[in-house]
Amino acid sequence: MTRRLPVYLLIDTSGSMKGEPIESVKVGLDAMISTLVNDPFALESVHLSIITFDKEVKLLFPLTGIDELTLPEITTPDYGPTHLGAALQLLEQRIDTEFIRNTTTQKGDWLPVLLVMTDGKPSDVLLYDEMCEKFSRKKFGRLIACAAGPQARVEPLKKLTPEVYRLENLDSDSFIKLFQWVSASIDECNKSQGTGIDESANLPPPPEEIMVF
Amino acid sequence: MSDSKIVKLTALDGSAIEFDSSEAIGSGAMKDVYFSPDKSYVVGFFRKEQDNNSRERLEKIVNTYSKQLFEKEGGENLRKLFCWPTHIVEWQHKGITKLGVVAPTYRSNFFFSSGRFKGKEKEGKWFASPKLRNKILDDDQKGTWLNYLQVCIKIARAVKRMHAAGLAHSDLSYKNVLVDPLKGDACIIDIDGLVVPGKYPPDVVGTPDFIAPEVLETVALPKTDSNKKVPSILTDRHALAVLIYMYLLYRHPLRGGMICDPDDSARDEELCMGREALFIEHPTDRKNRPVVKNLDKFELPQGDVDKLPYTLCGPYLKPLFEKAFIDGLHDPSKRPSADDWEKALIKTVDLIQPCQNPQCKEKWFVFDNTRKPVCPFCGTAYKGELPVLNFYYRPRPNDSFRFENARLMVFSKQSLYKWHIDKNIHPNEKLADADKKPVGDFHLHNGSWILINRGMSDLYDVSDANNRKKIAIGQSVSLTDGRKILFGTSVSSRLCVVQLVKN
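Residue numbers (the working numbering), protein chains in the order written: chain A, 1 to 213; chain B, 1 to 503.
These are computed hints drawn from the structure, not numbers from a lab.
Where a beta carbon is used, it is the ideal one built from N, C-alpha and C, also for glycine.
Heads up, some of the hints might be wrong.
Taking CB as the label site, the calculated pair distances span [unchecked claim]:
#, chain 1, residue 1, chain 2, residue 2, range
1, A, Gln93, B, Asn52, 52 to 60 Å
2, B, Leu300, A, Leu60, 46 to 54 Å
3, B, Thr64, A, Leu60, 52 to 60 Å
4, B, Tyr106, A, Glu73, 33 to 41 Å
5, A, Arg101, B, Lys287, 51 to 59 Å
6, A, Arg137, B, Arg267, 14 to 22 Å
7, A, Lys158, B, Thr64, 49 to 57 Å
8, B, Gly95, A, Glu155, 27 to 35 Å
9, B, Ser113, A, Leu60, 54 to 62 Å
10, A, Asn169, B, Asn52, 34 to 42 Å
11, A, Arg101, B, Glu76, 49 to 57 Å
12, A, Lys159, B, Ser40, 51 to 59 Å
13, B, Asp140, A, Leu60, 51 to 59 Å
Between the sequences and the hints, there should be enough to build the whole structure, so can you do that?
Laid out in structure tokens, this is it:
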């Protein structure tokens, strides 16, 4: 069986995302999915799952093939905390149940790609730190964290992954660029490989609006 | 959409070049690409500064190599098989000098014209993956098996001419070869990375699925290590064989059931495609045969090598697949050349028959009269009588005729061409327009098979050696078992013996 490439998106839906920011995220997600459904490589292998987190953590949909995907409504409460730690905990459970491991007789999934996007900082600090510790021992194809908007804090995300980006604005243009870049990074798995000297040179650069930390 | 912002540049050769800088139409790993205002060409700017070696290589590609390939016999026909860079430009942008190459826009048939992918490029992956074929792609975009033979001929021909000029593409893959199965057309793109052995080394090791095993095996070695294998004409031959296998059988020749490292997918991939690579249809070592029960339902039937073995491609392609994936997989010098592939593919076209099942998706198959002829794709047995022309030639003027292991499986309303009747004429890029016209056609007429002469001035029925009968233009000769037909009087003219196969 063709290996699946699991892609998990953890998206902040806390109160501060209400209104334009969350609408912009939806526009960005739509743009990303419409890129992926037109890409034969993604159609063959990419499986997407989205988890949202505010005061509650919600599995929007489990790992689903790109061609079978419809984006459900994403809602935000009026106010409330950012339970990113709990979101990571749910993700851990999801990976345990749906990730196909290699066996001696069957090919499993590619290492998952994870994008965490938040416009604030985790409220459940203890659980978050505990999960960061656990995730540091897990293998990912890529683990990208994005601090979106002026209120987002970079430092907590650095505990989760060295690959942290800052998105200045919470408008739809920024999110379209962010998710386009994520899909291009996914697609890189299928493109020409360098001669082994400078592998990172093959990744598309992050869009100009995204700052690298 | 942003407003257009036309930038005017003068190419290094003095030509005027314009492009719309407001929106990049594509961004690859190396370049950002922009349309010209009339969209007849594109300009791709390298993101990174190019060193002198790369600049010099580009200049050679645009000038010297372009002349070497296209200003020769058959060059104009060949040009269509490539999207070859035409000019080099420099753009002063945001304080940096960016180097760019100009290339023609892809022909319109290389974009989907309808359906949900309308306007998207027809990169080869669409047509080579069983899941995409069975689940995603519309039937009216897939073309027939004959179309894929034509696609493969064009790819092999283009690669043949590059190799003949001493050039290696270095990154042949279904991303860098556009295909149009509806017209049986193909076009090689992304030429600017090409490799000139000993002169311009490769930038990339290739694209997963197409990287030769020896390259993957030594990928971690430093550039200075003499054991490191990099892309070359020999690795192009591997990629070409994989492309042909994938377009004719819709599966990858090395992706089977074998697991080399159960703990690490990436390492497993590296071993299965590199050091441990093994043909999934290896006749004796069956470790890598696909396990049908592990396949997704959309990967079938193409994933089942017992149902659709590579031998369905016929007697000319079978030995080449064996050379490429058994003898030559880990021994690059044994891999078939692009010329071998082109010749075998062309000969295979003469063996194919339309499937008698009107619902058959592939429509054509290689007729195998050593067994009971059945369409391998839909299982429909061939019923009826079918003439096979077995061709003979004279090595030298006074020699007797010898069998040359070439046949034509006749079907109704099929045409006979000059390359069938004269051994000096070949259906390749050098074929003159005058030689493209059919010289005869075959029909099942009132229950018996006939050949009607449309343009052969010296066509003879020589079944009776003592009484050769001329068949004038406009007249016909019936194709009965054992009939001998001489197609001309020149030393290169062929003779055929008709064999009537009954099923």
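Here is what the structure says about each hint:
1. Gln93/A <-> Asn52/B: 52 to 60 Å: 55 Å, holds
2. Leu300/B <-> Leu60/A: 46 to 54 Å: Hint violated: Cβ distance 32 Å, outside 46 to 54 Å.
3. Thr64/B <-> Leu60/A: 52 to 60 Å: At 57 Å between Cβs, range holds.
4. Tyr106/B <-> Glu73/A: 33 to 41 Å: Since the Cβ atoms of tyrosine 106/B and glutamate 73/A sit about 39 Å apart, the hinted range of 33 to 41 Å holds.
5. Arg101/A <-> Lys287/B: 51 to 59 Å: 21 Å, violated
6. Arg137/A <-> Arg267/B: 14 to 22 Å: 18 Å, holds
7. Lys158/A <-> Thr64/B: 49 to 57 Å: 52 Å, holds
8. Gly95/B <-> Glu155/A: 27 to 35 Å: 34 Å, holds
9. Ser113/B <-> Leu60/A: 54 to 62 Å: 36 Å, violated
10. Asn169/A <-> Asn52/B: 34 to 42 Å: Check passed, 41 Å falls within 34 to 42 Å.
11. Arg101/A <-> Glu76/B: 49 to 57 Å: 55 Å, holds
12. Lys159/A <-> Ser40/B: 51 to 59 Å: Roughly 53 Å apart at Cβ, these two residues keep to the hinted range, so it holds.
13. Asp140/B <-> Leu60/A: 51 to 59 Å: Violated: the Cβ-Cβ distance is about 35 Å, outside 51 to 59 Å.
The structure is inconsistent with the numbered hints 2, 5, 9, 13, although it conforms to all the rest.
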